[in-house]
Amino acid sequence: MNNCESCSANPPAESKARGWVRRAGPALGALAVAAVAASSAGCATLGAKPWDHDLLAEHAMQVDPYPLETRVDAHIYFSKEASSGGRSFAGGGCGCN
Amino acid sequence: MFRKEKTLKISPALAATLMICCACARATEFDLSQYRGKVVYLDFWASWCGPCKQSFPWLAGIARSYASKDLVVVAVNVDKDRSRAEQFLNDYPAGFPVLYDPAGEIATAYKVTGMPTAVLIDRVGHVRFQHSGFLPKNEGEYDEQLRILLGESAR
Amino acid sequence: MRVQLKKSDPAGVRRALAAAAAGLLAGGPVRAQSPQSDPPSTTVDSALLVYHEVNRVQAIEPEVNVSHKIDDDRTFSFGLAAGSLTGATPFGAVPSTLPQTYVRPYKVIPLGTPVTVTSASGGSTVVLIPPATGAKTRTLGASWVVPPGTYPLEHGFYDRRLAGNLGWEQALTQWLKLDGGVAYSKEHDYRSESAHVGLARDFNGHNTTLSAGVNYESDLSFPIGGTPTPLTEMSAQWKGPNTSLHETDAVLGLTQVMNRRWLSTLSYSFSELHGYQTDPYKVISVVDPVTGQPTQQLYENRPDSRRKQSIFFDNKIHVATDVIAASLRGYEDDWGVKSVTADLRYRWQPDPDYYVEPHLRYYRQGAANFFHNYLVSGAALPEYASADSRLAEFHAQTYGVKVGMPFDETYEVYMRVEYYDQHGNGSPAGAIGQLQQQNLFPDLKAYTLLLGFTYAF
Chain A
8 MNNCESCSAN
18 PPAESKARGW
28 VRRAGPALGA
38 LAVAAVAASS
48 AGCATLGAKP
58 WDHDLLAEHA
68 MQVDPYPLET
78 RVDAHIYFSK
88 EASSGGRSFA
98 GGGCGCN
Chain B
272 MFRKEKTLKI
282 SPALAATLMI
292 CCACARATEF
302 DLSQYRGKVV
312 YLDFWASWCG
322 PCKQSFPWLA
332 GIARSYASKD
342 LVVVAVNVDK
352 DRSRAEQFLN
362 DYPAGFPVLY
372 DPAGEIATAY
382 KVTGMPTAVL
392 IDRVGHVRFQ
402 HSGFLPKNEG
412 EYDEQLRILL
422 GESAR
Chain C
-17 MRVQLKKSDP
-7 AGVRRALAAA
3 AAGLLAGGPV
13 RAQSPQSDPP
23 STTVDSALLV
33 YHEVNRVQAI
43 EPEVNVSHKI
53 DDDRTFSFGL
63 AAGSLTGATP
73 FGAVPSTLPQ
83 TYVRPYKVIP
93 LGTPVTVTSA
103 SGGSTVVLIP
113 PATGAKTRTL
123 GASWVVPPGT
133 YPLEHGFYDR
143 RLAGNLGWEQ
153 ALTQWLKLDG
163 GVAYSKEHDY
173 RSESAHVGLA
183 RDFNGHNTTL
193 SAGVNYESDL
203 SFPIGGTPTP
213 LTEMSAQWKG
223 PNTSLHETDA
233 VLGLTQVMNR
243 RWLSTLSYSF
253 SELHGYQTDP
263 YKVISVVDPV
273 TGQPTQQLYE
283 NRPDSRRKQS
293 IFFDNKIHVA
303 TDVIAASLRG
313 YEDDWGVKSV
323 TADLRYRWQP
333 DPDYYVEPHL
343 RYYRQGAANF
353 FHNYLVSGAA
363 LPEYASADSR
373 LAEFHAQTYG
383 VKVGMPFDET
393 YEVYMRVEYY
403 DQHGNGSPAG
413 AIGQLQQQNL
423 FPDLKAYTLL
433 LGFTYAF
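Chains as they are written, first to last, in this note's numbering: chain A, 8 to 104; chain B, 272 to 426; chain C, -17 to 439.
Quick caveat, the hints were computed from the structure, so don't treat them as lab data. Beta carbons: idealized from backbone N, C-alpha and C, even for Gly. Please note: incorrect hints may appear among the correct ones.
[To be verified] Cβ-to-Cβ under 8 Å is the rule here; a few derived chain A residues that face chain C:
#1 L53
#2 G54
#3 A55
#4 D59
#5 L63
#6 M68
#7 V70
#8 T77
#9 A81
#10 I83
#11 K87
#12 G92
#13 R94
#14 S95
#15 A97
#16 N104
Please build the complete structure, drawing on both the sequences and the hints.
Next comes the structure, spelled out in structure tokens:
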């Protein structure tokens, strides 16, 4: 709703508890399925052999190769937009040790 | 990174197979038979592998110290780009033979599960220890394993 | 089972074996000496941001981050950031065909002090507010006039920020990593402290990583002029006491090596905020139901609870000698804001010594359910209302290019230039009276320059 001349009522009623669980459900389900699949043998086809991690070891292939730049961008967009993003930064790389 | 030692005891069947292969004179097969009677430290490495930069000075050291006791260090490089491997060798001189395995066939044969991987083969050709990863703080343990194998006689 | 190589390159294998048999090195002299240098254990990342909004705010922000490997298992890091922001900014009031006067608290001085200054920052005029009976202090306000047809901006806006963080990363086992950190940020009217901890577990020979992290943040707001009572009229009176805000975030991530050239990350994050989330400097205009002329400016009000969720999908794909970074983020919260972000970078690197990386970002958000461009006089006041364009419906594009020169793993220099264009609906249907001829969305255009230098030793 952009503007509402006769807006006197509260925002449209929507069961908050049910709402977010319903919306998060598919996402959590997808992640759970992916996690189970990833850790089971079925996902052994996805990936690269340990000696084939050459390209993955490159700097630009890391999940967050320029953390300072990421932080600067997050700060700018947080100041100018309503969203804030939570990203995870673990994984990838040469897989050594 | 902390790493638990994984010592792989090869089953007699697999050991026999490796021995058979080692006895094989076919050029398409990776041939360790020339080192029968010596202890072989087979090290799988790559230019892009960070821990390899720490392992190489140590490998050069043991190759030097234990050569008289019949230790042979053979480094198997898995780089797809040979020039990268050669650049690494300029910065971290080896002092031991280097084999090139860009297609990963030797790595596959030895079931390499991580980088780097060390395969310790005794004087009779059995794989006695195999560990993936290299940690300077575990150099004592690696050394101990070598002394065990070097102390054995070639039956 | 025979351990057998393919016959595809018998000559090559023969050569390799021959070299081995001869005990020769393949490349480099036989020289058992220590290498030139140990691998770098310390990395210093520094960057300078220059931010310039057209006719709005400008900011300069230097940042530095130092990361040091204590040993194979443990890494320590600390970072510092400073920022200076000045300029003019919209504050929620709608434009008008008539000149508009606004007022805000400026300073509190002891009663009896002669007032010699007549103008405050940003071209505003100092206004004397009659002191309350028995008070020992008096308030000075700052008032300013916005000419007709101009989008109202608050000038003399300034902020200085100093932030620091400490981080720790430790490998617990070959497969399990722990990380944690604390952060602190102080501006002249806001303070934030936070702590986070996370775990990452590798599977499938380091091809799969599952990670989870939590963050807790506690903020204190002490605006210039105090905290206004929500939905009361804009005035120069000194307002209420400080307020606080607490936030808890959780992130779940799954990173998967898809193949030798493709790394994919999927993460889900959830945040809960409780406390003061209103912008104490922003107002919403109440307009005449016929003419659309502003009759009052009321301080805005936002709910004191907010629940956010987002899903983030990121990909790094190696193509020839180049890398594509493509990500998608979906976001929604219980304030009614929904957004989608698509980000694409193509790192063209024909040579190891330099790269050129064009960048495209597309962002689209829907309005918060209590966002209104204005309120209409005569109608009952809603419980929550904000005219802050950051909560409005809009889309934004970023166009940028980054040029960098990496050198081995020792240092890298880069420069990034970007243009950000935010555009909303300045002419909503149903606008009243004079508002029909006004642009109700303060379009934002900003240029950024980022200079970076990384050094590892």
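Now the hints, each set against the structure:
1. L53: 6 Å, holds
2. G54: At 3 Å from the nearest chain C Cβ, A:G54 passes the 8 Å test, so the hint holds.
3. A55: At 4 Å from the nearest chain C Cβ, A:A55 passes the 8 Å test, so the hint holds.
4. D59: 5 Å, holds
5. L63: OK, holds: A:L63 within 8 Å of chain C, min 6 Å.
6. M68: 5 Å, holds
7. V70: 6 Å, holds
8. T77: Hint on A:T77: violated, closest Cβ of chain C at ~11 Å, above 8 Å.
9. A81: 12 Å, violated
10. I83: For A:I83, the interface hint holds, since the closest Cβ of chain C sits about 7 Å away, which is under 8 Å.
11. K87: 6 Å, holds
12. G92: A:G92 check passes; min Cβ-Cβ to chain C is 5 Å, inside 8 Å.
13. R94: Given a least distance of 5 Å, the restraint on A:R94 holds.
14. S95: 3 Å, holds
15. A97: 4 Å, holds
16. N104: Constraint on A:N104 satisfied, holds at 7 Å.
The structure fails to meet hints 8 and 9 from the earlier list, while all remaining hints are met.
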